[in-house]
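Enquirer: Here is how the chains run, residue by residue.
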Amino acid sequence: MAFKKLINFKALSTSLAALLFTGAAMAQTATATAPAADADAASSAMWTSVGYYVLLFILAAIVVGVVGKILRVYDLTLQIQGKKPINWNRVMGVLFLIFLVAGFYGAYWEFTNQGTMSLPRAASVHGVDLDNMFFVTFGITVIVFFITQFLLFTFAFRYKGSDKRKAYFYPHNNTIEKVWTVIPAIVLTVLVITGFFTWTKIENSSDRPGEAKAINIDITGHQFAWEIRYPGADGVLGAKDFKKVTGINKLGVDYADKNSFDDLTADTIVLPVNRPVRLNIIAQDVIHSVYMPHFRVQVNAVPGLPTYFKFTPTITTSAMKGETGNPEFEYLLYCNKICGGGHYNMQKVVRVVTDSEYQQWLAKQKPYLSDALKKELKMPVDTTPKPAVPAPAPAEKKLALNY
Amino acid sequence: MSTIAVHGHEVAHHGHDDHEHHHHDTFITKYIFSQDHKMIAKQFLITGITMAVIAMILSILFRIQLAYPEKTFPLLETLLGRFAPGGKLSPDFYLSLVTIHGTIMVFFVLTAGLSGTFSNLLIPLQVGARDMASPFLNMLSYWFFFIASVIMLSSFFVQKGPASGGWTIYPPLSALPKAMPGSGEGMTLWLISMICFVASSLMGGINYVSTVLNMRTKGMDLWKMPLTVWAFFLTAVLGVLAFPVLVAGVVLLIFDRSFGTSFYLSEIVVNGQVMPFEGGSPILFQHLFWFLGHPEVYIVIMPALGISSEVIATNSRKPIFGYHAMVYSLIGISVLSFIVWGHHMFVTGMNPFLGGVFMITTLIIAVPSAVKTFNYLATLWRGNIRFTPAMLFAIGLVSFFISGGLTGIFLGNAALDINLHDTYFVVAHFHLVMGSAAIFGMLSGVYHWFPKMFGRLMDEKLGYLHFWLTFIGAYLVFFPMHFMGLDGVPRRYYAFTEFKSMARWLSVNTFITWAAIMSALAQVAFLYNFIHSIFWGKKTTQNPWNSNTLEWTAPVEHIHGNWPGEIPTVYRWPYDYSKPGHDEDFIPQTVPFSQTMSSNLPHDFEDNEAGLEAQSKWDLANKPQEEVK
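Chains as they are written, first to last, in the numbering used here: chain A, 1 to 403; chain B, 1001 to 1629.
Hint data in this document are derived by calculation from the structure and do not stem from the laboratory. Please note: incorrect hints may appear among the correct ones.
[As the list claims (entries may be wrong)] Using 20 Å as the maximum straight-line C-alpha spacing, the simulated SDA-like pairs for lysine to any residue come out as follows:
{"hint": "1", "chain 1": "A", "residue 1": "Lys166", "chain 2": "B", "residue 2": "Glu1584"}
{"hint": "2", "chain 1": "A", "residue 1": "Lys201", "chain 2": "B", "residue 2": "Met1350"}
{"hint": "3", "chain 1": "A", "residue 1": "Lys178", "chain 2": "B", "residue 2": "Leu1377"}
{"hint": "4", "chain 1": "B", "residue 1": "Lys1071", "chain 2": "A", "residue 2": "Gly341"}
The following block holds chain A by itself, in its conformation from the complex:
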């Protein structure tokens, strides 16, 4: 204890010395030249505030030391007076009980307050299935959580040690052990089976009978943006080859494939409501991840390994605006696999609209095969159909990418 005080005293005096020193430094700045003075003043202000925080901590440490000392003195006086010393075992037991109550209240508060902030309403068909599974799992785990934590801390309180009794020698009980091996096994089996079927259903890529054909959309990630490509009237996306990538042909679309010619490029992902969509996911440089929490969609974009995710959006953006009461609400797609310095801002707006709005929007999209690209590929530039598209596509994209 005495040593502790010494340390505190030493630390205190050094920090005081440091403060004095900063004061001296401040005084020196007065004589320095004007531009340097600014920087010096800022730096001394900084050191002063650092000094105060250090002082604050030392003060806290001293308080802890003093409280410790008082407790020790109190404890010794009790012993001198022939009373029982502080029963730390009991103190700890009681603290565990308090922690249990406070912790349960805290958990309850979190569930009711932050719980409502999280898990937005699922806006896709499979998302609803997932949420049902989530809540079943949540129900089970929360019950187990409260029971086991309750037992843990009440046992700690109830069976806190005393010299008067002896623990109950109870090395094992095979029946109980079998019971609590089998019960979790059964519960987990149920979860595994439902999870397995939900998972295979979600990952199933083929169109279900009676379902509309999925719209194929290409999304390509690179540092730090997404490029979107829609199929043209034929509904088929043209082939790609990474070796064909140039400044203008950013995706490396291969025009040996006839399907490529009518492909469209877009700034936002616009999806018709209630129609299955298949996102074809490609990465050019490093691994990215397509993540759309509202649709409960996530899959990585891997260079050299095209992936996909098929889902059906069920709520339009405007309906969601009404529901959330947020007029600025947009569905977002963002990167969820560390991909470099700009990882934290690699987003794309996703808009779910009615089918007619979708068709209107689609009609306005520009072909991927721009005039510049035609020139690059030494194709004849057709001037008649759409001469009024002077804006270069890349510049526009930049604008939309926010980066």
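Fit chain B to the supplied structure of chain A, relying on the hints for placement.
Expert: Just chain B, lined up with the frame of chain A:
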């Protein structure tokens, strides 16, 4: 010095002379290039604690960025220079901090710091061996670890900063120096450091396995080993089998980075420039990484579970409930841990069918974990609990293990993982179940075996303060993160300012940061207590916790070979606490049944018919007397 250490029982008869005409230790052979397992354990511990403090400071730095993304802190520029221009962390350095924090905590603290310390200290002492099977290899193990630590930290001093691709260093990000600054020299140093680390881990692991298998004292059959030794043993087996796979993965990555191969690279265009790589697969690296990576989390948690089993039994004054079930569940976890790695890759584009299979194996592994938890609870039930700081930390471990384990059921489910993968839910999950739980196991071990290591006791009251601040702090930090994750907030984001949906979590982030700062400052209480007690702590008695295990039969003063004279013989399992009929509430493993006739149970004589006969004779002779009493 090593020569004396290795021979086992045959040294017994001349053991006394042995340590009398002692070898002359110089400072270097005693404290630096020591081959004594107890000294090596201390070296591991102190290096581990140092690394933990560094990694903790890194975490506070990036927590400050997350809490105050718009503010500038001139102090940061003073401390970090070009990494924090204008007093604000740069995005790349933020990622470096996250990466190195993860790497140091997982490998350097919770693998080497935890296993290295306690396997080294406890395996020889608890199985009754004079030292490790190969003390020289053991020394090398520490020094490789030390070199790995130095190389890892040195990456802060290269121009472009340390590795920053996340602790999982997925290629192509880590393979292409152009992709981010941290993938330059920083990543090279990371890879070199990790190879040294794995070498260290293997030398340690081989030693632990061979010591446990070959050097147990007389009577110490496998079913009489304390759960700590079981846990260390199985951990070492896991490490020996899994770590080489990481080396394979890392070496191929080095090839890709430096020799132009394409093991992990294919069809890559960086900044509009087409790269020549073809035919590789980034997923291959993930398979190799997680083939180590998943056993690794059990390498982290199993020693902590072993320590807490021992601490809980000792301080509840009760035998651990279901000793056999505990061992079998450890074995179950060890075996299953090799076939669950794919659950880290559900959404990486791995074949969905594989995802389904890995989901099944993953949820099966929850069963032995659940059994362990219930057994801990049953051990506490009707115990006579003594709240030493070690016991508090062990109880804290159980609480974290429950909380974090339960969220694992969400993440292990491939379908639910779609929405939770790589969000803060994952961060919360693993920080509770393997971060906090394992570090609590480690701290519990430090408080419990401090007297064995340093011959002195730590201050209990400071331990109490340390526990409560850390315990409450850890929950305050990690519990709210679950909800951020459920809302789709991704991990490894430099700032949440670019998204309105995430910006509303800013107040929670600020709260978490202050909780983290509080828990970090609480560690000062520990560090002070630790350092102060090494030199000025109260001197300990030989068996301060009235424990049964063998290490407490060794003298407080450390001697080469651990025991003067003969190594004690073991007669019983290590958990005879509060046995009815015995006058004390513990019976050390070295006490033969013939000395405890009043408390023996028929169960104690399973393979010992002569003993059973003697016991029944004694019972016949003594029963009436007792009734008279």
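Enquirer: A separate judgement is required for each hint: does it hold in the structure or not?
Expert: Hint-by-hint comparison with the structure:
A hinted pair counts as satisfied when its Cα atoms are at most 20 Å apart, and Lys166(A) with Glu1584(B) qualifies at roughly 9 Å. Our distance criterion of 20 Å between C-alpha atoms is met by Lys201(A) and Met1350(B), whose separation comes to about 16 Å. Distance check on the hinted pair: Lys178(A) and Leu1377(B) sit about 15 Å apart at the alpha-carbon level, within 20 Å; holds. For the suggested pair Lys1071(B) and Gly341(A), the alpha carbons sit about 19 Å apart, so the restraint of at most 20 Å is met.
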